[in-house]
Each structure stands twice: as C-alpha cells, then as structure tokens.
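S.K.: This is what each chain is made of:
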Amino acid sequence: MRPTAARLLNILVPVKRRVRLTIDYAVKIRVNPDQKGVDLNVKHSMNPFDEIAVEEAVRLREKLKDEVKSIKVVTIGPAKAAETLRTGLAMGADSAIHVETPESSPPPEPLGVAKALRALIERQKDGVDLVILGKQAIDDDAGQTGQMLAGLLDWPQATFASKLVVDPTKKEANITQEIDGGLQEVKCKLPLIVTTDLRLNEPRYASLPNIMKAKKKPIEKLSPSDLGIDLTPRLETIKITEPPKRQGGGKVESVDELIAKLKEAGVVGR
Amino acid sequence: MLRARPLATFKPLVSRTYATAASPHALVYLEHRGGVIEPGSLSALTAAEKLGGQVTGLVVGSPEEVQQVLPKAQKLKGLTNLLHASSPSYEPPLPETVSPLLEKVLQGSSFTHVVSAHSASAKSLLPRVAAKLDVPAVSDITSVEHDRSTDSTTFTRPIYAGNAIATVRASSDIAPKFFTVRSTAFSAAPTDGAEVEAKSIDPVEISGARSEHIKTELTKSDRPELGAASRVVSGGRALKDAKTFNETLEPLADVLGAAIGASRAAVDAGYADNSLQVGQTGKVVAPELYIAVGISGAIQHLAGMKDSKLIVAINKDPDAPIFQVADAGLVADLFEAVPELVKKLKDQQ
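Those protein sequence lines, which keep their order, are chains G and B.
Under the numbering used here, the residue at position 37 of the first sequence is numbered 37, and the numbers go up by one with no gaps.
Quick note, the numbering used here runs 1000 ahead of the 1-based positions in the second sequence.
Source of the hints: derived by calculation from the structure; they are not laboratory data.
Among the hints, a few may not be true.
Stated by the list, open to error - Cβ-to-Cβ under 8 Å is the rule here; a few derived chain B residues that face chain G: (1) Gln1054; (2) Ala1164; (3) His1213.
Backbone N, C-alpha and C define an ideal beta-carbon position, used for all residues, glycine too.
Make a model of the complete structure from these sequences and hints.
M.R.: As structure tokens, then:
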C-alpha cells in the first residue's frame, strides 16, 4: 500500500454575527428615526445558516475522522464579532480568523466579503478544500456571498444544500440542493463552495466544557489592509424605513362571519 | 457585441454629452420549465421595462428546450430583442456552465442592467457572474427606478425578514447593474401581443467541467404553483402530522382552488414537503387570499406572506401574533372550524 498523495481536507466556515430575530413578534426590529439603520442595541447571535454550516463541518469530521485536517471559522466584523467565533470554536472548529473592522464602518457588501474570503483562502498554507457558508444572512437577506466567492475563485458551487456527502479520496462531493419545486442532486469536484439550507442539519448546543475549551483555541486577528482589500460598500444606502403597516387585528366570531368577510372582499361567492 | 462596432468605439465621447446619456438596456434572464416561461421571469421582465429602455431577453437551455420555448419568448410583451443559446450542457442550467456564457454576452456589451427572478436557480447564477465582472448585485428588489441623467438606479428591497425596507442606489460606476426581482412585487408581463426577432448566440462550452448534474426530483402537484397562486391555504404545527395536514387542508384548498403552503414548523416536523414552505427562508407569496391554519405567525413566516391582499387566520390561541396581521381572525379549534368552513363554502357553490 503506497501512501496516498491526496491532501487531507481543510474546511473553512465563514460566519456572521447578526441581530437575533426572535420569534416573538412583539420584539421585532425597530427602524431608527433617522432612517439610517435599525436599532442594533438588541440581542445578537450567530447567523442561523452559519450555525448549520459549522455543524456540517463538525459532522464531516465526525464521519471522516482524521481525513479532516482542519476546520477554521472566519468572521469579518467589529471586535464583538469575536463572540461569534468563540461559538464556532465551542461547536468544534479548531481555530479562527477574525478580520476586524472598525465599529463605525458600514457593514461590508457580499462582494467585499467574498474578496476578503478569497484573500484569506489564498493565504492558507495548506490550502482550502471546502468552504461552507450559510445560504443567506438573515439581516441583509442578500444570499450572494457564496456564489460570488465561487465566481472569484472559479470553483464549483453547490447552493442551498440539504445533504452533503464528501468523498475525500476522490476529492469530490455529492450535494442535494433545494430548488424551486423540488430537489436537485449534483456532483462537484473539490475545492468546492457549499451554501447551507435549513434542512441540512440541526446545529448542536455547545456544552460548557467545550465553551471553556474554546477559550484556549487560537484566533488569528487580521485587518482588511492585511488582506489588501477594501470593504467600502459600492451601493449607496439612501435610507432604511419601516414597511407599510398592516391594518390587522380584525377578529370574527364564527365561520359564518368569516364567510361574510370573504364575500365582502370578493374572494368567494362571485 | 450587439451594437455596431463604430458606435462602441465612440462610446466615451457620447457618454460625455449630457443630453445623450446612454439609454438603459436590460438583459433579462428568462427561465423556463417544461417548455413554459417561469412566472417569476415574467415579473422580472416587467421590472426591467420600468428602467425605461431596451429590454433583451436571454433564453438558455438544451436545443430541444430552446426550440420549444423560443416561440413563446418571442411573443412576450416588453421585449425589444431576444437572444438564445443552446447546448446539451445547459440542461439544467448549472451556474458553472451558464456563467461563462453570460460573461461573454456582457463583456464589452451595451447592457446596463442584468435582471432575473429571485428564483433558486437565478440566485445561484447571477451573483457568480456579478463577482466575475467585479460588480455588486442587488437581491430581491420590490421597486426600481432609473435616472438617465446620472445613470444611476435606485431600488428598494426588504431586509431583516421584511421588518425594514432599504432604499439603495447603484451609481454609474457600477456597470452593468445586477438585480433579482421579487415576483410578488411586479405583475407578470403579458405572454402575447408581440413578435420579436430571435437571435442565436453560440454556447460557451467549458472543458473539464467540475460540476455535474445527477438528477432532479420535482414535487408533483395538480394544485396551482405556490409562488403564483392567487389563493393559498397554509398549515402549521397544530396540524399534528402529515396525514392530518393533508386531510384537513386539501378539502379547503380544493373548494377554493388554492395552493397549499406550510410554516417552517410544519415542514421541519415532516408534515409537508419543504418546497411548500412560506417565509423568509422559503417562498414569498402575495396572493389575493391567504388562509393561515394553526400557524402562530413567527416573523420569519410573516415575512413570506404579509403582502397578501386578504389574510385569514384560524387559531386556537387568541394571542397568536398572526392575529395582528389578519384581516379576519377566527379564534377556534381548527379541527372544527375548517371542516365547517369547507362545508359552507361548498353549499354556496
């Protein structure tokens, strides 16, 4: 048996610290009166799709064992974004990279983030075989970063993944994607960009011992200039406003009243 | 590539003259399935027309698909030009295979905007191409306005699950301007009334493809397509299981001629297929009538349906947030109210 020349898998997981959208409708996002943004003085957490991405990387290691050499989580953001990296480390990532931006700087656009990630990937001595990202951040809802990164690197991409099977020996992966109207399965060669859909997995909670261990794991700090990139947004945000309010709250007492309402609106009985 | 060469050569000179600022020319990526243009692309076409200039459609697919779709695309009202490229490798259109074609079409062209539906397939493709051309993209827009004098385009788009609306401007240095269109915010362009000439362009074959399509499984349904239906009946976790979900909602959907949707809770619990999920991370619908059955109304769900014309909620819990947006809310046990509603609606027909 000759030793395999194939390199072990190195996985990169970009994560984003985001305002937590609670399921409680009463504490929804509030738009600032100056129309420059939303009130960010609320609870933050890791973007849910990114948690799924970290979980998937950790599960790959659990399945492939030593064939996964490293799992790195990356974030681009202000000092506080380091908390998000600690969460990723507590879930099972080995190390982290924090591209720190000033608190006052506007949130970078997906293209800027993709360029930063490309620069980071090019810096990795061992290379990167797989990048797993969330399909969208639930703040800007853009859903572009993974695709843009794949374009910049000219790597294959598998968006909206609900199943990921990696074959490290063949250096390829089979991915089931959620598409409009159903599912699609593709096979891609590594290195590869995958974006996660909700159904890919159920992220674990970090246990207390793992949270403690995560504090000792290394976080490399870089600045955008270290990477030679400019994160200034190119689209100009003119204003951020409240959506039109719905006049809801009209209750009816019975099914008959409900039908009367439907008739009044002209949706039945025409 | 679409304009005569001499004009392209003089372009810098022309653009310096204010009175003759380049008029917008949009490229609309027309998606199709089963020989039919997708409704989302028809809405994207309407959005492209709002730019106030020429609109070129682009149809990409296998030779058989293109042959089938082309006559329909030629009739689309609002198109001024139509391009098509066919290759067996474009079925289905994987981003890796189609993006080199788009790059070639856009490289050195006069297109000022690149437009598509905010569909799964276009969402995968457009950002990839935009990055290759080093321009940002604007996702899921709900309005668009182009200013010819400054060559800038202003968009609105929902952020934070629709809890805020951002107005963003792409200035003249962003060329072309990529954007995907929320289909519920624009009416569908008429599918007849025009006859535009179709022009074939050569496919761009890539050697050593690193992505390969294995298979596609579509959820079959006789019901109207969820994204385009004028009526939607949606169920949540309170429906108990897949069997109860179907047995409760199907008669109501049948009597109304409605599509069936589901909350994420119902999808996660396995009651409904995930293609039926309505919400921030699922489909966004804006039908005439939306009936939410046993759905509490988490903001992620509301993000997907709150632009519906008439919202009806049936829920046992009088404090469920869904009642804050419902036009007609009935506090009742859905297992009694829904069958009663079905029966009474049937009696009226």
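S.K.: Which hints, by number, does the structure contradict?
M.R.: When the structure is compared with the hints, only number 1 turns out to be violated.
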